[in-house]
Amino acid sequence: MRLKRRAVSTSIVRPLITLTTDFGLADAYVATMKAALLREAPDARLIDVTHQVPRHDILCGSITLARAIDGFPPGTLHLAVIDPGVGTSRRILVAEINRQIVVCPDNGLITWSWRTHGGGEVRELTWRPRKASDVFHGRDIMAPAIGMIACGANLDELSRPIENPILLDIAPAPRENKQGQIIHIDHFGNATTNIAHDALRAHIMRGVKVKGRNVGKLKKTYWDVAPGKPLALIGSSGLLEIAVRDGSAASDLKLRVGDPVKIDLAVS
Amino acid sequence: MRLKRRAVSTSIVRPLITLTTDFGLADAYVATMKAALLREAPDARLIDVTHQVPRHDILCGSITLARAIDGFPPGTLHLAVIDPGVGTSRRILVAEINRQIVVCPDNGLITWSWRTHGGGEVRELTWRPRKASDVFHGRDIMAPAIGMIACGANLDELSRPIENPILLDIAPAPRENKQGQIIHIDHFGNATTNIAHDALRAHIMRGVKVKGRNVGKLKKTYWDVAPGKPLALIGSSGLLEIAVRDGSAASDLKLRVGDPVKIDLAVS
Amino acid sequence: MRLKRRAVSTSIVRPLITLTTDFGLADAYVATMKAALLREAPDARLIDVTHQVPRHDILCGSITLARAIDGFPPGTLHLAVIDPGVGTSRRILVAEINRQIVVCPDNGLITWSWRTHGGGEVRELTWRPRKASDVFHGRDIMAPAIGMIACGANLDELSRPIENPILLDIAPAPRENKQGQIIHIDHFGNATTNIAHDALRAHIMRGVKVKGRNVGKLKKTYWDVAPGKPLALIGSSGLLEIAVRDGSAASDLKLRVGDPVKIDLAVS
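Residue numbers (the working numbering), protein chains in the order written: chain A, 1 to 268; chain B, 1001 to 1268; chain C, 2001 to 2268.
Where hints are given, some of them may not hold.
As the list claims (entries may be wrong) - For the chain B half of the interface with chain C, some residues (derived, Cβ under 10 Å), not all of them:
#, residue
1, Leu1025
2, Val1049
3, Cys1060
4, Gly1071
5, Arg1123
6, His1184
7, Gly1235
Claimed, not checked - Capping the alpha-carbon separation at 30 Å, the derived lysine-lysine pairs in DSS-like fashion look like this:
#, chain 1, residue 1, chain 2, residue 2
8, A, Lys229, B, Lys1131
9, B, Lys1219, B, Lys1229
10, B, Lys1219, C, Lys2131
11, A, Lys217, B, Lys1131
12, B, Lys1209, B, Lys1262
13, A, Lys131, C, Lys2220
14, B, Lys1209, A, Lys209
15, C, Lys2131, B, Lys1220
16, C, Lys2131, B, Lys1229
Hints listed in this document are in silico derivations from the structure and should not be mistaken for laboratory results.
All C-beta atoms in this analysis are idealised placements derived from N, C-alpha and C, irrespective of residue type, glycine included.
Looking at chain A on its own, in the form it has when it is part of the complex:
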């Protein structure tokens, strides 16, 4: 039996805002950024995505941000601050992707969500506070800006349209391709690839090869192999994933971001 779903509305009085950074959890940086945000949007519901993106790792931040965008409902706002170029002339973006708003430095952070959702509307944040440090624009510029946007500020007054956000040289594997690469290693050591679920459906597979090793046909769950054995399955983000049951694919198979993954097709 299924319950009827209640209508869910994203209330403007309690905006939902996620945070993705490389600040770590040992210092007051995250809290002071939240303080700046809450000054503008006191009723915001703040959700930490992670603050443990490896320092300056824009690719990892891009994948993680995209996961958040995929998980949250329309109207959610996302603040992502991995910002090695802070204090330079690098731009700050306000992008609309998948009916959600992203505020982040223009350094490639929006790449994965941009590519998987076929782009979006992107603007440069022109608003600046009266006073900002040269070393913490997350707190001084981006947090108040996203707070104002969450409360309904006019984007035309804060920003101007641009055409060419910086994008990393990474993309979903084209459907017709028989290979891709590892784009992310998670906490469990699972290796996510850039090969989408629906791209695989078109093929009759004999197996998946990673770094020359065949890890077998696509499985449904970890339990489809014995403990300690590698497998390929569709991860929770809908992408092909290489895992080791009760183990770490990253360390057991020595996998790294960038490693090639090959789909072995049956002759059909």
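Based on these hints, arrange chains B and C on the given structure of chain A.
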């Protein structure tokens, strides 16, 4: 002088929901699970218990969940996802323990709270979403379910009563026993045992022995011994604890979960 | 173009409370402390500053707490629990600093905020619950107390004025000084000193010396030096900071808290 306590009511409009997982804090898993929960219960107050349960460590998750249940008021809901059997036919539980609701996989996670509160009402979650991955039931099934329950969904429509949840082979030491074991090591290296405070009251103790070493009579605070010295005291959960002042009992005394602890009684 | 700021008021119905502890994130300690707080102040907005202060490191806790106080608006409350003396007769403080409230053990935790804001009103918490453990006053005493204060409890009924909070032997470098010391190492390995921005303005600097090594004139951003090179700049807290671009000053320059930092002045 003591202040009068104001009446505190658990409001159905802002349910209190805790989260205990082994997802770690580096990925978007926790955030996307919260997103799924907030779609159903947009005004929920979410409290992270921990996301650093060691991977697949159901005993540790069980102890940690029980601490949360002991700490939160009636009406609180608890989502606990340490779920090595995800994608298999393992059941999902909705349990009422100590006037609180727990949603978790049926793999032993409710053991410690179940045993210390003399059981509870336990049901199998029968509700399933139209679409769920095979690898992330925390996000796809348990989070929306607990959100619906928090908002007052009818348990009879979501679940059915069962009698026999899976329980680990661990329990509070019986009162008449003079020994127990270590069940948990915390962040400080303190070792919690399964020997309850009130069980100790019945005895006139000469000392506490752990792995053959006498750590003396029961102390009240860490300051009752010199820095670096071991002691036995009642921890914040009301259980006998082995600690080292300004040190780590776990590493200094080489203690592990499962190690025996013996109460040395005086001849009375 | 700048937006007009909306009036922001700190609502008594949704008090803003931060938390700074050395509890770590692996156990239920933080959650049970929040539970105790929320029983008194169910609508509080809780912001974690950090729970990863190194165990018993009161100086680090003091600096981190001060950062939170500097970042949050008037009316914010701060609960800081690094409490090696729990269970002894050490006092618990309720201090008003910079129009914010701090509740913490009287062990030096308020030092840095006290010194940088020229002191404040300080009281001893006299309120005690009917029942408290001897090992977790954060949960049993301080959390309910700050919850009651957040909800408007009368400070005269909970506490009494005192004059002499315990202060650590550390302070901002006097303006006329040409030297100071490292007081904090952050997650990135940046080393914060006790030399304030405005103290530096008075001088014409030739360079900054740390442990005998000249790291050059004051820079504006990390990009003012080549990758891997050390620099001195004003950090986000307004204090002189020693950093290494894309690296860790702490490990690359072997810096530690307490190390001397010297300003090399030009002959003017």
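A quick look at each hint next to the structure:
no., hint, verdict
1, Leu1025, "holds (7 Å)"
2, Val1049, "holds (4 Å)"
3, Cys1060, "holds (9 Å)"
4, Gly1071, "holds (3 Å)"
5, Arg1123, "violated (24 Å)"
6, His1184, "holds (8 Å)"
7, Gly1235, "holds (6 Å)"
8, A:Lys229 to B:Lys1131, "holds (28 Å)"
9, B:Lys1219 to B:Lys1229, "holds (12 Å)"
10, B:Lys1219 to C:Lys2131, "holds (18 Å)"
11, A:Lys217 to B:Lys1131, "holds (23 Å)"
12, B:Lys1209 to B:Lys1262, "holds (5 Å)"
13, A:Lys131 to C:Lys2220, "holds (15 Å)"
14, B:Lys1209 to A:Lys209, "violated (54 Å)"
15, C:Lys2131 to B:Lys1220, "holds (15 Å)"
16, C:Lys2131 to B:Lys1229, "holds (28 Å)"
Of the numbered hints listed earlier, those contradicted by the structure are 5 and 14.
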